[in-house]
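Chemist: Since chain A is already given, all that's left is putting chain B on it; use the hints.
Number of protein chains: 2
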Amino acid sequence: MTAQLHSIEILRPNRIEFGSGAIASVARYAAERGFVRPLVVADAFNAARVDRLGLAGEIAVFGEVKPEPDLPNLEAALARASEARPDVVIGFGGGSAMDLAKLVAVLPGSGQTLKDVVGPEKVLGRAVGLIQVPTTAGTGSEGGTRALVTDPETQNKLAVQSRFMLADLAAVDPDLTMTVPPAVTAATGVDAMAHCVEAFTSRKAHPIIDLYALEGVRLVGRFLARAVADGSDGEARAGLALASLYGGFCLGPVNTTAGHAVAYPLGARHHIAHGLACALIFPHTLAFNAQASAEKTAAVIDALGARPTTDPAGVFEAAYGFCERLGVEMRLSALGVPESDFETMATEAHGIRRLLDNNPRDMSRDDILAIYRRAA
Amino acid sequence: MTAQLHSIEILRPNRIEFGSGAIASVARYAAERGFVRPLVVADAFNAARVDRLGLAGEIAVFGEVKPEPDLPNLEAALARASEARPDVVIGFGGGSAMDLAKLVAVLPGSGQTLKDVVGPEKVLGRAVGLIQVPTTAGTGSEGGTRALVTDPETQNKLAVQSRFMLADLAAVDPDLTMTVPPAVTAATGVDAMAHCVEAFTSRKAHPIIDLYALEGVRLVGRFLARAVADGSDGEARAGLALASLYGGFCLGPVNTTAGHAVAYPLGARHHIAHGLACALIFPHTLAFNAQASAEKTAAVIDALGARPTTDPAGVFEAAYGFCERLGVEMRLSALGVPESDFETMATEAHGIRRLLDNNPRDMSRDDILAIYRRAA
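Those sequence lines, one after another, are chains A and B.
When you number the first sequence by full-length UniProt numbering, it's gap-free, plus one each residue, and the end is 376.
When you number the second sequence by full-length UniProt numbering, it's gap-free, plus one each residue, and the end is 376.
The set of hints was computed from the structure by calculation and includes no laboratory data.
On a predicted model such as this, the values are computed, not experimentally measured, just so you know.
Hints should not be assumed to be uniformly reliable.
Stated by the list, open to error - To give a feel for the contact side, a few chain A residues facing chain B, derived at Cβ under 8 angstroms: (1) His6; (2) Asn14; (3) Gly21; (4) Ala238.
What the hints assert, rightly or not - Computed footprint of chain A on chain B, listed as stretches where at least three residues anywhere in the stretch have a Cβ under 8 angstroms from a Cβ of chain A: (5) 8-14; (6) 19-28; (7) 237-247.
Said to hold, decoys possible - What follows is a list of derived Cβ distance ranges for each label pair: (8) Ser7/B <-> Val36/A: 25 to 31 angstroms; (9) Glu121/A <-> Glu317/B: 48 to 54 angstroms; (10) Ala56/B <-> Asp230/A: 55 to 61 angstroms; (11) Val36/A <-> Asp116/B: 25 to 31 angstroms; (12) Gly111/A <-> Pro120/B: 40 to 46 angstroms; (13) Asp230/B <-> Gly34/A: 49 to 55 angstroms; (14) Arg37/A <-> Pro182/B: 56 to 62 angstroms; (15) Glu75/A <-> Glu9/B: 53 to 59 angstroms.
Beta carbons: idealized from backbone N, C-alpha and C, even for Gly.
Chain A extracted, bound-state conformation (with noise of 0.2 angstroms):
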């Protein structure tokens, strides 16, 4: 702890069950609750699988749930919950499924729409119970108040941050994630330590959160290769489902910087998923941030494993050399972005002031542009 212990909000599930058949704490917590109208919002694999979440009497589902999903995607969602009017809102999926979960559990009967709530803190309450249960290893939304709902017309994230969309229950079980194919475990996995870097490293950081942002480096610096080599490995996969958590911790309070600002356009315009394009920018804004942030890259280095360093080369090399021995593929074109679109994506990134503003290096749109180009 270098940092002054400044003052600070933290919001937290009250009850965060983790390990192996965690997701039993579901039912036993609906049951506790008095909870009979379940509602559960997840992507067409989790939605055939609900019945995993041991829920008694009719429960409704809404299995449509989208990657990045965007404006549509919620109206489906709400229009599902207008009819089935539920008592609990059960997000079960990853990011997006509880995103929408969180959404879909204040927007119903409030009065508000989406565009009246967009910001922080502009949800008026909550009416029913909320209960989040992760189904991948990469965003943390289960411990977080924030929601993100891609605008069609303008490939715009709009992000929602709300107390009232916290948790009641954030039932955490690695077993869920055992499925997850090798490619998706290690993007989401560096995008949980993205999550926790951008934090550490962020002009908002704190103490309170540093805590949990490097744990969260070290946690998937010692678990992730494991379970890119064997998605069965229960240890490495409760290991991640915990950094994922820590990560999530880290969004609410301080949050992400350029990391993630620089990755968005390539979801937003070139619909790649988050933890891949999270995980291919990462070395480079862990580069260019190197010597700005010097002693928490160093931690950052050697929480990976590797031989700590503040030489911008030499980071970029070790977190570089990390995601590409995971097998994440690392360039632009292979992902099909060409380079005519550079200019643009610099654009947008460099208008995300929300995350850039707290980047501890200021970035232009030039340095994005330029770190377009290194990835190409």
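Modeler: Quick look at chain B alone, frame taken from chain A:
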């Protein structure tokens, strides 16, 4: 992280406001939730500064919380609650005030008496809000689910644990601890550290809790001497307030071991303040456990700023020296505990199986007796 990530339930206040000025969150939160009939549960000192809470309207106060509260003290607080019929209970003080506030929040109108709820999860529910405002840095009661009340007949601690006793809001404002005198600062600081150390080395230790435990010890190692030397050192007070909160996090899912068990008879039979009793015993149990928990003991000694060792004599010297340099009275004789009572004390301590059974090394009644003799 070396141990296995086995299943664990983490219970946390939804909202923790930490830092200088955090006390302002109490009135803000009360207004947000629409609370209009607060009952403040406090010791006499804090009852006299209840205006610091900044609450509007009429405020009921129970201002007679005693150190190590007993059943009659709880009954008096419950009687006050019956008159005041609060919609929110606010614990304002050290562990004694916060523990009584927990019980005052759940017992009135429930049909349950204290004897009904002793043990884990016997409480049926809570109908009013609960806010905790610690004014010492030691017990960490603001972040936990436990309350201890002394049975005057047996001098035993009755331990109640319930998820319903978890605060809705914990407002941890280090400014409130500025007036704590040096001797109390020292003893309560070591108590906070003892929570961390005992959980860290417990047979029930868990990597998720170890993170808080080791950081708590580091914070005490870094800041306690500073706060004892200069009570107005805001950075040191903040560090200790955080260490205390982290110590509280250690109590829920893991809890203390031999240190607290051996210390309890000092409080129950000889009315030695809890923090002082724990500080006096701490070096003895840490040294006793040194070989059974070698790696972690070395980490504790390192976090306290001494040269890491696992040799029991070296461990004792480092821990004893740490407490002694803080001015803690380390001799039972100087505190008026007669050697003639050691046998009875050892029998009582040895009977606290809920703690001793999790000690990393079996501790016999004779082992406890030897500790009292060594500390005579």
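Chemist: Check the structure against each numbered hint from earlier and tell me which ones fail, lowest number first.
Modeler: Those not satisfied come down to hint 15.
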